[in-house]
Amino acid sequence: MTYRIVHYINQFFAGIGGEEKAGVGPESRNGALGPGMAFKAVFGNEAEIVGTVICGDGYFAENMDEAGEKILKMIADFKPDAVIAGPAFNAGRYGTACGAVSEAVLKKLGIPVVTGMYPENPGVDMFRKSVYIVETSDSARGIKDAVPAMSKLIMKMLRGEPIGSPADDGYIQRGVRVNRFHDKIGAARAVDMLVKKLKGEEFKTEYPMPVFDRVPPAEPIKDMKNAVIALVTSGGIVPKGNPDHIEASSASKYGTYSIEGVQSADEVAYATAHGGYDPTYANTDPNRVLPIDVLREMEKEGMFSKLYDYFFTTVGNGTSVASSKKFGSEIGERLKKDGVDAVILTST
Amino acid sequence: MVKAIEATGIAVVHICTIVPISQTVGANRIVPAVAIPYPLGDPSKTHEEEIEIRRAILQKALKALMTPIKEQTVFN
Numbered sequence: 017m018t019y020r021i022v023h024y025i026n027q028f029f030a031g032i033g034g035e036e037k038a039g040v041g042p043e044s045r046n047g048a049l050g051p052g053m054a055f056k057a058v059f060g061n062e063a064e065i066v067g068t069v070i071c072g073d074g075y076f077a078e079n080m081d082e083a084g085e086k087i088l089k090m091i092a093d094f095k096p097d098a099v100i101a102g103p104a105f106n107a108g109r110y111g112t113a114c115g116a117v118s119e120a121v122l123k124k125l126g127i128p129v130v131t132g133m134y135p136e137n138p139g140v141d142m143f144r145k146s147v148y149i150v151e152t153s154d155s156a157r158g159i160k161d162a163v164p165a166m167s168k169l170i171m172k173m174l175r176g177e178p179i180g181s182p183a184d185d186g187y188i189q190r191g192v193r194v195n196r197f198h199d200k201i202g203a204a205r206a207v208d209m210l211v212k213k214l215k216g217e218e219f220k221t222e223y224p225m226p227v228f229d230r231v232p233p234a235e236p237i238k239d240m241k242n243a244v245i246a247l248v249t250s251g252g253i254v255p256k257g258n259p260d261h262i263e264a265s266s267a268s269k270y271g272t273y274s275i276e277g278v279q280s281a282d283e284v285a286y287a288t289a290h291g292g293y294d295p296t297y298a299n300t301d302p303n304r305v306l307p308i309d310v311l312r313e314m315e316k317e318g319m320f321s322k323l324y325d326y327f328f329t330t331v332g333n334g335t336s337v338a339s340s341k342k343f344g345s346e347i348g349e350r351l352k353k354d355g356v357d358a359v360i361l362t363s364t
Numbered sequence: 004m005v006k007a008i009e010a011t012g013i014a015v016v017h018i019c020t021i022v023p024i025s026q027t028v029g030a031n032r033i034v035p036a037v038a039i040p041y042p043l044g045d046p047s048k049t050h051e052e053e054i055e056i057r058r059a060i061l062q063k064a065l066k067a068l069m070t071p072i073k074e075q076t077v078f079n
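Residue numbers (this note's numbering), protein chains in the order written: chain A, 17 to 364; chain B, 4 to 79.
For the record, the hints were derived by calculation from the structure and aren't laboratory data.
Nothing here was measured: the structure is a model prediction, and the numbers come from that model.
Treat the hints with care, since some could be wrong.
[Stated by the list, open to error] 20 Å max Cα-Cα, derived SDA-like pairs, lysine to any residue: (1) K56(A) x K172(A); (2) K73(B) x P232(A); (3) K48(B) x D282(A); (4) K341(A) x V231(A); (5) K238(A) x E51(B); (6) K66(B) x P232(A); (7) K66(B) x E317(A); (8) K353(A) x S274(A); (9) K316(A) x K342(A); (10) K241(A) x E313(A); (11) K342(A) x K241(A); (12) K37(A) x K238(A); (13) K73(B) x R230(A); (14) K160(A) x G31(A); (15) K123(A) x K56(A); (16) K341(A) x T27(B); (17) K316(A) x K48(B); (18) K341(A) x K48(B); (19) K63(B) x L323(A); (20) K353(A) x K66(B); (21) K66(B) x E315(A); (22) K145(A) x P23(B); (23) K200(A) x R230(A); (24) K241(A) x R58(B); (25) K322(A) x M69(B); (26) K145(A) x T27(B); (27) K316(A) x K63(B); (28) K238(A) x Q62(B); (29) K123(A) x K160(A); (30) K316(A) x E51(B).
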């Protein structure tokens, strides 16, 4: 028999448009579309993409419950045997949507589903425990590897074949432990590992420790009237012309700009460099992302003592965790040195 | 960025639209925003109304910065 598969993709991969179209709601089309054509080629006669369900990333992110329900109904209407979502690579909102749709398909329709993401995609942490997420590269250039890996996994599920380990089948660890028999008992394996470690040889742990990357909440501001507050944004607001050439995505740097005496982030002097959302509204009034105007009013009213003389800005679009950490540490050190008490960080 | 700044001991409030992403990444004080392309505004409203929206969010942010917390908290 030929298995019936439905494919979930965003507005970009459907060819509807980029960020300016991210607000489009769910829609359903017959047959394969965009990356679905690559899946179709791999499936051959064994499976067929009977339909494609599309939703704008912005629409999904802002209407998760309602969009999720609509999308699930559109998927169910095709009476599929399985669903594939994405791959979303390192697109955060797309990854979140693919993960949420996949989880809903599993829970409500009870049929196999596979998605694909880059390990740093925020959708991974949110959904890797419930959904099989094939590890992909960070950009659409990785589609060539992602399609065969996702196809292989979904076909295994459809045929009822056992799913191998994450390393064998190319998906991201789900935190599931599987029993299996070893030739040597645990104590012997542990001693082997220890000997290798003492010799300085490479060894592979059987239980990698999870990374608890959390920071304890800082102490609150006790005396707000005397506090200095700094403004930071990942929404890409920069002085017009983007003097430091901060990249529209995967930013490698942040900017530090004086706002001494600036009363408003007006559209004459500021604009956004962000390539991950529709810039129309931010460019019409940059205060919508970098709220200098109201903070100045609040400063005058004495709600806090002073708005720090500089703001820090970067583009949080596909920017790596390593870069973001580095930016944050540098900004934090400087603010600490300058006696800043608290930070307001805005994100788009 | 939120975490790395907070790691220096300075309190940070994260104003963002997609709260689940902020929670996953590990911000401690979170204030929900209006929408992705205009977190602190609303182009469908008049300028005066937008200022009010912006002020309300920023007042929540100041309140969040003054509130002692032990774990991730969303200030609605």
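Hints, one by one, checked against the model:
1. A hinted pair counts as satisfied when its Cα atoms are at most 20 Å apart, and K56(A) with K172(A) qualifies at roughly 16 Å.
2. Proximity of K73(B) to P232(A) is assessed by CA-CA distance (about 8 Å); at most 20 Å being required, the pair is judged to hold.
3. Under the criterion of a C-alpha separation no larger than 20 Å, the hint pairing K48(B) with D282(A) is consistent with the structure, at around 18 Å.
4. About 12 Å separates the Cα atoms of K341(A) and V231(A), which keeps this hinted pair within 20 Å; it holds.
5. In summary, the hint linking K238(A) to E51(B) is not supported, as the alpha carbons are separated by about 31 Å, beyond the 20 Å threshold.
6. Among the hinted pairs, K66(B) with P232(A) is consistent with the structure: their alpha-carbon atoms are about 19 Å apart, no more than 20 Å.
7. Note on K66(B) and E317(A): the hinted pairing holds, with a Cα-Cα distance of about 16 Å set against a maximum of 20 Å.
8. Straight-line distance between C-alpha atoms of K353(A) and S274(A) comes to about 17 Å, which keeps the hinted pair within the 20 Å bound.
9. For the given pair, K316(A) sits about 33 Å from K342(A) by alpha-carbon distance, which is inconsistent with the 20 Å threshold.
10. At roughly 14 Å between alpha-carbon atoms, K241(A) and E313(A) fall within 20 Å of each other, so this suggested pair holds.
11. This hinted pair does not check out: K342(A) and K241(A) have alpha carbons roughly 31 Å apart, beyond 20 Å.
12. A C-alpha spacing of about 44 Å is found between K37(A) and K238(A), which places the hinted pair above 20 Å, so the restraint is violated.
13. Between K73(B) and R230(A) the alpha-carbon distance is near 12 Å, which keeps this suggested pair within the 20 Å criterion.
14. The straight-line distance between the Cα atoms of K160(A) and G31(A) is roughly 19 Å, inside the 20 Å bound, and the hint therefore holds.
15. For the given pair, K123(A) sits about 26 Å from K56(A) by alpha-carbon distance, which is inconsistent with the 20 Å threshold.
16. Between K341(A) and T27(B) the alpha-carbon distance is near 15 Å, which keeps this suggested pair within the 20 Å criterion.
17. At roughly 25 Å between alpha-carbon atoms, K316(A) and K48(B) are farther apart than 20 Å, so this suggested pair is violated.
18. At roughly 36 Å between alpha-carbon atoms, K341(A) and K48(B) are farther apart than 20 Å, so this suggested pair is violated.
19. Annotation: proposed proximity of K63(B) to L323(A) holds, straight-line Cα distance about 17 Å (limit 20 Å).
20. Restraint check for K353(A) and K66(B): the C-alpha separation of about 24 Å exceeds 20 Å, so the hint is violated.
21. For the hint pairing K66(B) with E315(A), the CA-to-CA distance comes to about 15 Å; that is within 20 Å, so the pair holds.
22. Distance hint between K145(A) and P23(B) is fulfilled; the C-alpha atoms sit about 16 Å from each other, no more than 20 Å.
23. Between K200(A) and R230(A) the CA atoms are separated by roughly 37 Å; this puts the pair beyond 20 Å, and the hint is violated.
24. Under the criterion of a C-alpha separation no larger than 20 Å, the hint pairing K241(A) with R58(B) is consistent with the structure, at around 17 Å.
25. For the hint pairing K322(A) with M69(B), the CA-to-CA distance comes to about 16 Å; that is within 20 Å, so the pair holds.
26. Of the pairs offered as hints, the one joining K145(A) and T27(B) holds, with about 14 Å between alpha carbons and a cut-off of 20 Å not exceeded.
27. For the hint pairing K316(A) with K63(B), the CA-to-CA distance comes to about 18 Å; that is within 20 Å, so the pair holds.
28. Straight-line distance between C-alpha atoms of K238(A) and Q62(B) comes to about 15 Å, which keeps the hinted pair within the 20 Å bound.
29. A threshold of 20 Å between alpha carbons decides the hint, and for K123(A) with K160(A) the separation of about 29 Å lies outside it, so the pair is violated.
30. Distance hint between K316(A) and E51(B) is fulfilled; the C-alpha atoms sit about 18 Å from each other, no more than 20 Å.
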